[in-house]
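S.K.: Here's the letter readout for the chains.
2 protein chains.
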Amino acid sequence: MTVTDVTLGVDIGGTNTKFGLVDRGGKCIAEMSIATNAHEPAENLIARLHEKVEEMRRPLSGKYELRGVGIGAPNANYYRGTIENPPNLSWKGVVDMAALIRKYYDLPVAVTNDANAAALGEMLYGAARGMKNFIVITLGTGLGSGIVAGGELVYGADGFAGEIGHTTVDPEGRECGCGGRGHLETYASAGGICRTVSELLSVRRTESELRAIAPRDLTSMMIAGAAGRGDGIAKEAFEFTGRILGMKLADSVAHVSPEAIILFGGLAAAGALIFDPTKRSLEEYLLPIFRGKVQLLPSGLREGDVAVLGASALIWNEILKERK
Amino acid sequence: MTVTDVTLGVDIGGTNTKFGLVDRGGKCIAEMSIATNAHEPAENLIARLHEKVEEMRRPLSGKYELRGVGIGAPNANYYRGTIENPPNLSWKGVVDMAALIRKYYDLPVAVTNDANAAALGEMLYGAARGMKNFIVITLGTGLGSGIVAGGELVYGADGFAGEIGHTTVDPEGRECGCGGRGHLETYASAGGICRTVSELLSVRRTESELRAIAPRDLTSMMIAGAAGRGDGIAKEAFEFTGRILGMKLADSVAHVSPEAIILFGGLAAAGALIFDPTKRSLEEYLLPIFRGKVQLLPSGLREGDVAVLGASALIWNEILKERK
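From first to last, the protein sequence lines stand for chains X and U. Just so it is clear: in the first sequence, position 252 is 252 by our numbering, and no numbers are missing. Just so it is clear: in the second sequence, position 44 is 44 by our numbering, and no numbers are missing.
To be clear, the hints were calculated from the coordinates, so they are not data collected in a lab. The model shown is predicted, which means the values in this text are computed figures rather than measured ones. Hints are supplied without guarantee of correctness; some may be wrong.
No distinction is drawn between identical chains; accordingly, a pair holds when it is met within one copy or between any pair of copies.
[Unchecked claim] Within a straight-line C-alpha distance of at most 27 Å, the following computed DSS-like cross-link-like pairs (lysine-lysine) qualify:
#, residue 1, residue 2
1, Lys132, Lys321
2, Lys92, Lys293
3, Lys293, Lys279
Chain X extracted, bound-state conformation (with noise of 0.2 Å):
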């Protein structure tokens, strides 16, 4: 009988802490989901995990040989295995977490943010198989990215490289979540796009049923069933969100020259409705030796798996390049 080799992908959020058995072509064996319990230390999140690890794997024992762990999480450190004052999370300080799995495994362990490990998934089993350079963004409540530049994931001289979230659009703009005013993610993500629908609202005269939700209420979701009724301020939020978000990536352009952008995340599941805006602004701010060049790409892999592969990809990357 064959034994297949797995690395197990954890992604922990500030809610649910998901993860699962990935083979090398990025199967998904088993998949699991715990509660983060984020007021918790780290050390009862990784006790828990563990345990439910080990049940998950006793049907398979035998047939699936476990060969080393990725974590994906926001604020961590590739460099040093570490979570450093994780903003979803009330773990203080500097979490050690590659030590604290190795407690349980005594296996290659790397730890990434989420966006990192999406742009290896992408690479190892997504829209980025084969390519040596290119940018994955995520649209979510913010805007994350990975940069990979000559087939290896940019972590720079702290491991912290990748925050084109908070590059500056209008530097008399828009409060951010980090403490800077008009970055990128306070206009290209979901929580940005419905602050373009309120600027919209308090500029535009038209109706709009976008009119009747409570700021607080309202998601990118509902702005894209809006603009797919026809809503007028939803269609030129959508737009408003493409062009500065197109234009911002013709710097990222101008930096690393890309094959590919891959957007995913909520807002990137609006589809041409964001995709469309977002690629002419990107043509009609590209420097002309790159016109035409770069992809704008969708995910390769089912949104709710790419957190999961990606932290397995973190690790079968690790295992890959020992094993050349």
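Got chain X sorted already, so can you dock chain U onto it with the hints?
M.R.: Leaving out everything else, chain U in the frame of chain X:
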């Protein structure tokens, strides 16, 4: 007698082509310059270059062995070994520079643009020795840039990465030589600061010695001189330039998280006049996790040598990779 390995570094400019023999440590054994004669075909330049290089090597024979040729030139493509529609030369279309050189030298040849070559020069011999993540910005007539991530120069999908000069500051802003609007190099370069002086002279009523100089004759050195004598317009021009440069460099840091940014070229020679406001603005616009971590440094190479040392570093870098 020991024989020292050297490489030939060649910097092809619009007016002059400079070249030199450089050892592994960055010592320039011999250096010369010939007129580029930009209207003549590239073949002629390389034939004349070969003649002069042989003249230069003759008295050194037996002591130095030539190991490779590195070329820095505008619009040079590292992957293809070509120079493509260079802006200041009459060579039309694509010139296969690597093939032209190999007609004379059966040695490794590599080609890249001058800013990328400068980045490798800083890494091998200059201010970036020992660094694996840094950016070099050349503040000449325009703004060139070379990005090193994880110890490798970022060439991108097509070999043209590192065009930070053509990121957008203001989409409605100044006309750029590339056809775009409001690009960083229209503000932050020797040419850009002259345009800023014109703008300030139009806005302010203040007296200034720069009012006596025709815009066509104005240079960044004159502005630096005036600032040194306390001229308010000149000082404000440096403040404004540094403010914009710092803001956009914060975007670059968000992409690749460098350990240092090295400024060189005519405008960087103004020293504290440009470094101080750039540093202040960079820190202000940096995401908190990057603050206080990124050094802003002058070049570690002599201004006149940067281009030749950079071109030689390009081919040394290839040779050293081979030897690994």
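S.K.: Against this structure, judge whether each hint is valid.
M.R.: Right, here's what the structure says about each hint:
1. Lys132 / Lys321: both (15 Å within a copy, 19 Å between copies)
2. Lys92 / Lys293: Answer is between: at 22 Å across copies they meet the 27 Å cutoff, but 44 Å inside does not.
3. Lys293 / Lys279: Classified as within; 12 Å inside a copy, 35 Å across copies.
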